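Peer 1: Below are the chains, spelled out letter by letter.
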Amino acid sequence: MSRLGDAVGLAQTWLFEAAVQPALYWLDLASLSDLAYESLEWLIWGALEIAVLYAILRPLEAHFPAERWRDRRLVGTDVLYTFLHRLGIVPLAFFFLLTPVVDWTEGTLRLAGFRPFNLEEALPWVATSPLAAFLLYLVVLDLSDYWRHRLQHRFEWWWSLHALHHSQRKMSFWTDNRNHLLDDMIGSLWFAGIALAIGVPPGQFLLIVIATRMLESFSHANVRIRFGSIGERLLVSPHYHRRHHAIGFGHEGPSRGCNFAVLLPVWDVIFRTADFTRRFDPTGIRDQLAGARYGERFLEQQWLGLRRLACALRPRQSAGSQSTSAA
Amino acid sequence: MVRLLGALILGGAACTAHAEIAVVLNSQDASVSVINKSSYAELRRIPVGKEPHHLMRTPEGSELIVASSAGNELLFLDASTGDVKRRLPNISDPYQIGFSPNRKWFVVNALRLNRVDIYAADGFRLVKRIPLRSTPSHMAFNRASTHVFVTLQESDELAAIDLARAEIDWRMPVGRQPAGIWMTPDDKHLLIGVMGRGHVEVVDWRARRSVKQLETAQGAHNFQTLGDRRHVLVSNRAANSISVIDQETLTVVDTFPVPGGPDDMEVTADGRELWVTNRWARSVSVVDLATHKVVRKISVGRSPHGIFFVNAARE
Chain A
1 MSRLGDAVGL AQTWLFEAAV QPALYWLDLA SLSDLAYESL EWLIWGALEI AVLYAILRPL
61 EAHFPAERWR DRRLVGTDVL YTFLHRLGIV PLAFFFLLTP VVDWTEGTLR LAGFRPFNLE
121 EALPWVATSP LAAFLLYLVV LDLSDYWRHR LQHRFEWWWS LHALHHSQRK MSFWTDNRNH
181 LLDDMIGSLW FAGIALAIGV PPGQFLLIVI ATRMLESFSH ANVRIRFGSI GERLLVSPHY
241 HRRHHAIGFG HEGPSRGCNF AVLLPVWDVI FRTADFTRRF DPTGIRDQLA GARYGERFLE
301 QQWLGLRRLA CALRPRQSAG SQSTSAA
Chain B
1 MVRLLGALIL GGAACTAHAE IAVVLNSQDA SVSVINKSSY AELRRIPVGK EPHHLMRTPE
61 GSELIVASSA GNELLFLDAS TGDVKRRLPN ISDPYQIGFS PNRKWFVVNA LRLNRVDIYA
121 ADGFRLVKRI PLRSTPSHMA FNRASTHVFV TLQESDELAA IDLARAEIDW RMPVGRQPAG
181 IWMTPDDKHL LIGVMGRGHV EVVDWRARRS VKQLETAQGA HNFQTLGDRR HVLVSNRAAN
241 SISVIDQETL TVVDTFPVPG GPDDMEVTAD GRELWVTNRW ARSVSVVDLA THKVVRKISV
301 GRSPHGIFFV NAARE
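Protein sequence lines correspond, in order, to chains A and B. Residue numbers are given in the numbering used here: position 145 of the first sequence equals residue 145, and the series is strictly consecutive. Residue numbers are given in the numbering used here: position 123 of the second sequence equals residue 123, and the series is strictly consecutive.
Do not rely on the hints blindly, as some may be mistaken.
[As the list claims (entries may be wrong)] Quick list of simulated restraints, FRET-style, between CB atoms: (1) 299/B with 123/A: 27 to 37 angstroms; (2) 310/A with 297/B: 53 to 63 angstroms; (3) 98/A with 43/B: 34 to 44 angstroms; (4) 101/A with 299/B: 29 to 39 angstroms; (5) 44/B with 189/A: 54 to 64 angstroms; (6) 215/B with 310/A: 38 to 48 angstroms; (7) 209/B with 132/A: 14 to 24 angstroms; (8) 85/B with 62/A: 26 to 36 angstroms; (9) 209/B with 28/A: 56 to 66 angstroms.
Derived by calculation from the structure, the hints in this document are not laboratory data. Source: prediction; values computed, not measured. The beta carbon of each residue, even a glycine, is placed where N, CA and C say it ideally should be.
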């Protein structure tokens, strides 16, 4: 890992000095140098992630598929989502939109005498043990992600956006980033807000995000992989997460779905939303069987998402897909 | 043979025990690298608060203060060993810090929060919070300690704060994205690294006007004395070079290359070596000041920024 980190560092330096820094000075944006340099590391790691995921998961999907498809036509749009996210374009846009708000809020609160909670102050050993800190932050952020996911299915307006993610009938490792941009922005605010609130250090944040993203891509893969009776309860597997996307199971019932965990199924066990049924079901939303459309191309999907949101927010109108799928 | 081996081990242990250290702040790793100054080896990496950018010695000299800007605290390190001795929380967003020469005031530039906080140095009691847009970054004091001068990176200005009144006295434009600031030994001029343009602005602070521009190179950033009371170095972060300025004639007398985004600097007390943090290369360069060649590169953490060692050139 250290050698890989060093190699990423060299690539980061070279790219920054050869292309990014000259562009920033040319555009009179030298003050963004720190941010640009930092972002470049995310971009390089994102590119590596895509390469590794493709090299490992694509052959697995070809040889051990959970579902056999005639073609991969609908997968192409998910590839675009993945590149937009993992290469940092969407996160960077969010960063520029959200940072002024966060900074203003923090500055105002501090002037008024408020201080944010800091996990390192509450538990001093966290600051001195990088591994313990990494695991603790990972667990806390995963718990927060579990509840974000529950709420995405619970609130009609949020589901109207999140439904896009579940509308993929050909779920593959590319599907993880198939999200409505508004849903993504809320999710990023949620994740970054919790990370800021508990004081996740930047180096740890990078590792946590990479680890989470890799496992999330794996859990969406179209592969016939279970982790066994015990393993399925320790880490989210492709089998476990496929149940969450399964037509007729993943978005229905009293909790409006099951298997919400992102990394650790223990949250589903504790909050009684786990379903360990041994099946590899088709994915999608029930109303798609009756002809509901979620779009095939990026812009169409984004537009239809906004329309569903408008419907969900209109008081006297039926709320669209959730009412059907959650029946 | 055994005796020789024993002597070597004991000698080595003694060397380690008395090794002088250099301390480097890895701003994006939330850590401090402690480096053996003689062997140029990184001895250990100490986790500190988030975004440590700048550090300085306490007035009495036994401790280093590391400002953890996103961690909102000051860490006090043993200046000889690098061990963390204590933490002072509740210092919000300390990006750059400084004691006034009369040791009465401790000033904190809160870059992210657009504010300068004035503390009574004795006990770090907050005296006043001064909102100051935008992005107050570096600071310098006049010899009489009546004023602290702060560069405002995003509003392209220099601000002068009256310390006794804890109020902004005046502000003036100084060029695109001013960063480092340095008071000349005669207490007459402020040198300001104009990062966005690549020159050093010379300001007569009493007259409140710019008197000269010294062309250095792109990304003129921070200053460090050579220790001869005449020359000061300025790092050109984008051009990957360091310029030497004669403070008497106010001219650039030399420029030499240092790769990797040179940022903060320290010069050994004997004037032989210059240590530079390479902001974009996760390393520290050691420059032979006789030849102006980089003779060593020491790997450290992400985005190394502040650097300090005890026996350094100061005035």
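Peer 1: All hints are to be evaluated individually against the structure, with a verdict given for each.
Peer 2: Hint-by-hint comparison with the structure:
1. 299/B with 123/A: 27 to 37 angstroms: holds, 30 angstroms
2. 310/A with 297/B: 53 to 63 angstroms: Since the Cβ atoms of residue 310/A and residue 297/B sit about 58 angstroms apart, the hinted range of 53 to 63 angstroms holds.
3. 98/A with 43/B: 34 to 44 angstroms: For residue 43/B against residue 98/A, whose Cβ atoms are near 39 angstroms apart, the range 34 to 44 angstroms holds.
4. 101/A with 299/B: 29 to 39 angstroms: Given a distance of about 37 angstroms, which is inside 29 to 39 angstroms, the answer is holds.
5. 44/B with 189/A: 54 to 64 angstroms: Given about 37 angstroms between the Cβ atoms, the range is violated.
6. 215/B with 310/A: 38 to 48 angstroms: Violated: the Cβ-Cβ distance is about 58 angstroms, outside 38 to 48 angstroms.
7. 209/B with 132/A: 14 to 24 angstroms: violated, 56 angstroms
8. 85/B with 62/A: 26 to 36 angstroms: violated, 59 angstroms
9. 209/B with 28/A: 56 to 66 angstroms: 24 angstroms Cβ-Cβ, so the 56 to 66 angstroms window is violated.
Of the numbered hints listed earlier, those contradicted by the structure are 5, 6, 7, 8 and 9.
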